[in-house]
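Just need the whole structure built from these sequences, with the hints factored in.
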Amino acid sequence: MYRVYFKSPIGLLEIIFDDSFSLKKILITDFVKDDEKEPEFAVELIKQLILYFRGELTAFSYSFNIKHVSDFDKRVLELIGKIPYGKTVTYSWIAKRLNTSPRAVGQALKRNPLPIIIPCHRVIKSDGTIGGYSLGVESKRWLIEHERSTLSKFL
DNA sequence: CTGGATCTACTGC
DNA sequence: GCAGTAGATCCAG
572 MYRVYFKSPI
582 GLLEIIFDDS
592 FSLKKILITD
602 FVKDDEKEPE
612 FAVELIKQLI
622 LYFRGELTAF
632 SYSFNIKHVS
642 DFDKRVLELI
652 GKIPYGKTVT
662 YSWIAKRLNT
672 SPRAVGQALK
682 RNPLPIIIPC
692 HRVIKSDGTI
702 GGYSLGVESK
712 RWLIEHERST
722 LSKFL
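Mind the numbering: the first sequence is residues 572 to 726 in the working numbering, read in order.
Among the hints, a few may not be true.
Said to hold, decoys possible - Straight-line distance between alpha carbons at most 25 angstroms, and here's what the computed SDA-like set of lysine to any residue pairs gives:
#, residue 1, residue 2
1, K604, K645
2, K681, Y656
3, K653, Q619
4, K667, Y656
5, K653, H717
6, K608, F635
7, K645, R625
Since the hints were derived computationally from the structure, they do not count as laboratory data.
So this is what it looks like as structure tokens:
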């Protein structure tokens, strides 16, 4: 297991790779634990993160291994991956397409191992309010606003 | 605003 | 296994 850190506008991201250098998990943390210096296996992802936070990248092209994720969660996350940059949908919109309930969708998104890469911040409540986010609601607000304000670059 | 419906995963037995 | 509960919700009343 390897950890790499990335200082982003929404906080310090801890990026975890498994022993075969496959992307495993992303979270927010306060401090650097075990920095891997010059991690060859992470440069491509870091490059994309830099561009994304600059507002110059709309989708990550990165392979990751989906292990320890239930079939249900996979179905939800796969659909989430198709929501375009700068757009938002609601929990119930997802639920209808998967024949499940909005709350179950929320539970699945909470377990999203790769927030930002799998853009679960694009899912909000149907009353227009923000809903929850595993990296913190403030981060979610920031990401949505960031995408909204940079969207025009890509037209 | 409140109460009930809804579906998944987690807990305790 | 099975019952009970807690959610990143929703909708009607």
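To see whether the hints hold, each was checked on the structure:
Only pairs whose Cα atoms come within 25 angstroms are accepted, and K604 paired with K645 is rejected, the gap being roughly 30 angstroms. Straight-line distance between C-alpha atoms of K681 and Y656 comes to about 20 angstroms, which keeps the hinted pair within the 25 angstroms bound. A distance of roughly 18 angstroms separates the Cα atoms of K653 and Q619; the hinted pair therefore holds under the 25 angstroms criterion. Of the pairs offered as hints, the one joining K667 and Y656 holds, with about 21 angstroms between alpha carbons and a cut-off of 25 angstroms not exceeded.
For the proposed pair K653 and H717, the alpha carbon gap of about 18 angstroms is at most 25 angstroms, so the pair holds. A distance of roughly 21 angstroms separates the Cα atoms of K608 and F635; the hinted pair therefore holds under the 25 angstroms criterion. Simply put, K645 and R625 have alpha-carbon atoms about 29 angstroms apart, too far for the 25 angstroms limit, and the pair is violated.
Checked against the numbered hints given earlier, this structure breaks hints 1, 7; the rest are met.
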